[in-house]
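S.K.: What follows is the residue order along each chain.
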Amino acid sequence: MFEGSDVRDSYGQVHASFQKMGADEVRLRADSLASSYLEQGVTFGVEGEERPFPLDIVPRLIEAEDWDHVEQGVRQRVLALEKFLADAYGPGELFADGVVPRETVVTSPHYHRVVAGLEPANGVRVHVAGVDLIRDGNGDFRVLEDNVRVPSGVSYVMTNRRALSAALPEVFADHRIRPVSQYSQRLLAALRKAAPAGVSDPTVVVLTPGVYNSAYFEHTLLARTMGVELVEGRDLVCRSGRVMMRTTQGLEPVHVIYRRIDDEFLDPVQFRPDSALGVPGIINAARAGHVTIANAVGNGVADDKLLYTYVPDLIRYYLSEEPILRNVDTWRMGEADQREEVLDRLDELVLKPVDGSGGKGIVIGPAASKEELEELRTKILLDPRAWIAQPVVSLSTVPTLVENGIRPRHVDLRPFAVHDGDDVFVLPGGLTRVALPEGELIVNSSRGGGSKDTWVLARPTDPDDEGEVAPTATPVTGISQSAGPALEAEVPDLQVHEQEQQQQQGDPKAGDKTC
Amino acid sequence: MLSRIAESLFWIGRYLERADDTARILDVQMQVLIEDPGMDERTSCEQLLSVMGVEDYTGQPNRWMLLDLLAHNPESPTSIATAIGAARESARRARETLSTDIWAAINTTWRGLGTARAMRAPDMFSWVRNRTAMISGIADATMSRDDGWHFYMLGRSIERVDMTARLLSTAALASGPQVAWPTTLRACGAYESFIRAYRGIEADRQAAEFLLLDRWFPRSIVSSLAEAERALGKLGSSGQRSGFSDEAQRLLGRARTELEYRPLNDIVFDLPVEMERLQRSCAAASDAVSARYFAESEMHTWRGGVVL
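Sequences listed follow chains W and G, in order. The UniProt record's numbering applies: residue 1 is where the first sequence begins, and numbers increase by one. The UniProt record's numbering applies: residue 1 is where the second sequence begins, and numbers increase by one.
Calculated from the structure, these hints are not laboratory results. Each residue gets a CB set at the ideal place from its N, CA and C atoms; glycine is no exception. A couple of the hints might just be wrong.
Just so you have them, the derived chain G footprint on chain W, three or more residues with Cβ under 8 Å [what the hints assert, rightly or not]:
no.	stretch
1	37-46
2	222-229
3	234-246
Could you put together the complete structure from these sequences and hints?
M.R.: Right, here's the structure in full:
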């Protein structure tokens, strides 16, 4: 079934298992996988409409060594971005030292002066990070962008694992795969550690924009697996600098809010006055130190694609280390010489708006028409700071089940990291998004993309309990079950009489009718 | 627990019960129409629509119109399709508090609606009854007996009182009572229990008595009222020495004692009027629950509702 490219060695066992199963069986299991997602309501929203999240039946495998590299690289980036945010909203030493121009930071639409000087409870601003990676032509992982505002997708990492282990128990059992189930507990622990000082048993909530949000499924899953309330803005109210939630027993205090609402909608007092999703006064409560907002407000400056171009410098500046994961080569349109070079080769490059997310506004040069390129040129000249350019990176491919069998398709990877103030935990694996149409380079789910369960293989030396247990049926011998009313074969003599009578009741000729 | 979530659970209970009971009521009506050829279809359908609180319809009521308005049409606020859709929407809003099993059961039911609406009427009714029974069974086996459960049970019980009252009115109005009462008992799954309780005596008065007053049968009005009172008691365990501070508890308790302590003849003399009074008590109790527990939440997950 595997065709079209050389399959990496690590896929050997998967390959063999699929061959053994045969095409029909694989297809059958893929269908049952899809219907199980529909039944569970594992969906994402597109323009207010729920769609099932497509999960490919072929897992993606990542070798232990490769993963170590990714894990260290992600950890390094998160730590550098934490230091950057603390500095940018605090003393601003990086500006004085000329690492990043002050203008670059303060002109970002995501820079919020209102949180300048706000010191988070345990110093953490990036409680959760999602770092988008791709593998280039050499097989090296490269960073495409950082997400330290409200990165989403981790719920699919967890549900994909459960669904795939049920669909392919035998393939699962052939590998030692590092588990992903501990994510929620890690997140909850990090959120609890971020509670305001003096709160020993904090109340943590997840704040969602509501059922029409594209990531609503994820919000419910996180709340459910952490065992905390999922609240909407209208469930919360601020009273004398504290945030309370409306319960059937009256108002109860909230200490840590894992918010999945963008800054701009969080507090109508500070940001968009028309926001119906937020909680008026929540920023003041955070300033007063009565509530922790995670991720911190204002993190968007670190997500900015222009700032992204400086991250390698930030790693050197704050950590005195060399970047472990490299960026994709990037030109800043705000700089005249780089802009000139790019404007000459618009048709070869990918142009990205710096504050776009989810593939919005991206122009792929080779695929664009003349008119589109002219329009783009005008836009760049009008507001150069708003754009960066990157070469078209040939994303690596991974075997994927499509209509005509298993074929290579382009993928990216979003590992998730949780920072609790002492340690950055990187969930083994992450969300692999796959572009299902042939040749498609944008893997976004709103563009018909799917996902894959991503298996990070454990080393033989790794402790045994690291491997996730496949749900194979193990016969258990124990206390025998108590039987119900005696079965026919073992009817004691005394009951034979009664049984005969019961049988006779169906026969109109037998016995006299007294009832 | 969050007021909004409590409200969702209350309405999940109500909507699922409403879907179940609407299927039961329609089942009776359709059978009566088929088995009693002397019946005036138009009057009978008019009466049922009025019992169900449907007033704005055009044209002459007939069985196809009933099926459309009360079962298939997702635009009609009184249809089974609407009730299941609303239960699913409420469940989606309370997703993180529901067990995965119960959510999947509700979601699968909602997804199966399309297929169910294409079935023959009796098959669809039995599908609805089976699906809702399955969801209650899963809820029973997987939900913690915390406040969420009590709100769910409260909603379910109040709705059951309301809908059983409508079912009794329907039976009382049917012109061929010798057909209507056994069918009504069957639709409630009460036929065998009734025969056992009354030793084979089949009479309208006894059937009404059974569905109104039997303390052991779970769909009877008195046991559903008692169930609702129990849930309210668990929710507001304030331990008062006298009276009830809770308006809903007072309303339901009064409705129950009015049934239990009055001569049966008084009640069955004009059953439809009595049943309408009971429905008013249910609506008032539901409002009282909202005012006490959900008032803080500004959201209204339910739509339509039945106008009396």
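S.K.: Against each hint, give a clear statement of whether it holds in the structure.
M.R.: Verification of the supplied hints:
no. : hint    : verdict
1   : 37-46   : holds (count 4)
2   : 222-229 : holds (count 3)
3   : 234-246 : holds (count 4)
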